[in-house]
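Asks: These protein sequences, in sequence, are chains A and B. Residues 1 to 286, numbered by full-length UniProt numbering, are exactly what the first sequence covers, in order. Residues 1 to 254, numbered by full-length UniProt numbering, are exactly what the second sequence covers, in order.
It is worth saying that the hints were derived from the structure and are not from the lab. The C-beta atom is built at its ideal place from N, Cα and C for all residues, glycine as well. Check before you lean on any hint, since a few could be wrong.
What the hints assert, rightly or not - Pairwise CB distance ranges, derived in the manner of DEER restraints:
1. F253/B with G165/A: 23 to 33 Å
2. T33/B with L245/A: 16 to 26 Å
3. G17/A with D169/B: 48 to 58 Å
4. D25/B with G165/A: 24 to 34 Å
Unchecked claim - In silico DSBU-like cross-links for lysine-lysine, where the CA-CA straight-line distance does not exceed 35 Å:
5. K230/A with K252/B
6. K166/B with K57/A
7. K179/A with K57/A
8. K179/A with K223/A
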Amino acid sequence: MTSDTAVRVRGVEKSFGDLRVLRGVDFEVEAGSIFALLGSNGAGKTTLVRILATLTKADAGSASVHGFDVAAQAGDVRESISLTGQFAAVDEVLTGRENLVLVAKLRHLGDPGAVADDLLARFSLTEAGGRRAATYSGGMRRRLDIAMSLIGDPPVIFLDEPTTGLDPQARIDVWQTVKRLAEGGTTVLLTTQYLDEAEQLADRIAILHEGTIIQNGTLDELKRLLPAAKVEYVEKQPTLEEVFLALVGATGETAGAETDASGGAGPDAPGTAGTAASAQNRRELR
Amino acid sequence: MTAHVLGDTRVLTGRSLTHILRSPDTIITTAVTPIALMLLFVYVLGGAISTGSDESYINYMLPGILLITIASGVAYTSYRLFLDLQGGIFERFQSMPIARSSVLWAHVLTSLVANLVSVAIVVGVALLMGFRTGASVGAWLGVAGMLVLFTLALTWLAVVAGLSAKTVDGASAFSYPLIFLPFISSAFVPTETMPGPVAWFAENQPVTSIVDTMRALFAGEPVGGDIWVALAWLVGILVVAYVWSVAIYRRKFS
């Protein structure tokens, strides 16, 4: 294996009883890149990540992470990786800071408290750091989860559906984190069922379908698989996501819009208002 | 990696002890049922029970009550272990370079601490209710040692239950028969008063030898052969439950 291959998967197979989830998966991930494993629910993405993270053994084939075989050198693999699961694995009883300190201690780092405070600041969780994780919103939990994964600077990070269940703003936050990680030289293997997520983030995209990789390439390479682009003139409608983000905005000020709406409805005292149309007229007159 | 076993176990034990400190009700509820049983037996039923000795009834039944305390307390271990498995934090630990055995040992040591605190509360209430003992320091250590062994044996059973449970209810249901076992033993009434087959079961199940040993230690009497029967049971259950847990753990997670 070459020195700049961070993950290598060769002919990996895995069955659960009669269900053949993985039927010979092959791919490689270049060190320092973001690799997206795209597939629908039940395609076997999580199973593959669990094999790479030494949580499950493959039935056949081989896989290595950071140069270590996942079956024979599981301990070395665990030193080199970090896994963020589909369901944010934080300790709900502990505070955000305690969660980070716990992981820092388990990674045998020198000053767990300082590591925790640094990560809280990086993930905008400093204020929430003293609260129990059970009180966090979905986005905060996921940020904490990813922050826990970064402790000890593992060279390879697995993110299993990192944005499933997040609102659009939290999703963008996670994307920015992932991009910064890769800029810092970390190899990121992420699984997703969202096409736009793979498109936004990944250097290479592999499509896992019915237990095998049916395509693997850069976004441009994948796009070239289909007939050449046609030029069409289509009216550009904003997507609901764009509307939502514009309204919520970078400043997060929705107060103005709300005041406006209630100000319009205010004069509609019972008895004086006729129809909705007349209310509309009055609003326009003012 | 083995160099970290102790350190990792300490850190993870600290974590689950924090869980208990933040929900002290688990210790209180563990102590409440045995205390209620103690009140019931001493002030309601006890007057009609003839133990055939000069001991006060509370002295007679305290060892059994302590075993019931532990049997109900270990259910929380399987409960917490099951929640860890469900919540994904267990997988996070598994994917980290931590000594594998530390994860289970942390739960076991936490159980030990929590149950000894519950036992101390129950003993405190028993003292208020008139429990008296002239036991020497050595005898007290003997009683403590029996309780520690009993807790460890039952906690490893709880680990088996926690690892193999499919639902939260299933995780703690295993403890109900354990809580009931002292009632069919010499813990509350002498076994001679029971009908033949029941008496046979009572005399040959582990609780009776453990209770008789502790009762003798509290009374400052010689323990006789009971202690060896009791130790054989305790160590036997401990070894079987430990090997069983580790086997399930290996099958599921490696």
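Asks: If a hint holds in the structure, say so; if it doesn't, say that too.
Replies: Against the structure, the hints come out as follows:
At about 26 Å, the CB distance of F253/B to G165/A agrees with the hint of 23 to 33 Å. Against the hinted window of 16 to 26 Å, the Cβ-Cβ separation of T33/B and L245/A comes to about 55 Å, which falls outside the hint. Between G17/A and D169/B the beta carbon distance is about 26 Å. The supplied range of 48 to 58 Å is therefore violated. Here the CB-CB span from D25/B to G165/A is close to 31 Å, well matched to the stated 24 to 34 Å.
Of the supplied pair hints, the one linking K230/A and K252/B is violated, its CA atoms being roughly 53 Å apart against a limit of 35 Å. A C-alpha spacing of about 22 Å is found between K166/B and K57/A, which places the hinted pair at or below 35 Å, so the restraint holds. Of the pairs offered as hints, the one joining K179/A and K57/A holds, with about 30 Å between alpha carbons and a cut-off of 35 Å not exceeded. Restraint check for K179/A and K223/A: the C-alpha separation of about 22 Å stays at or below 35 Å, so the hint holds.
Hint compliance for this structure: hints 2, 3, 5 are broken, all remaining hints hold.
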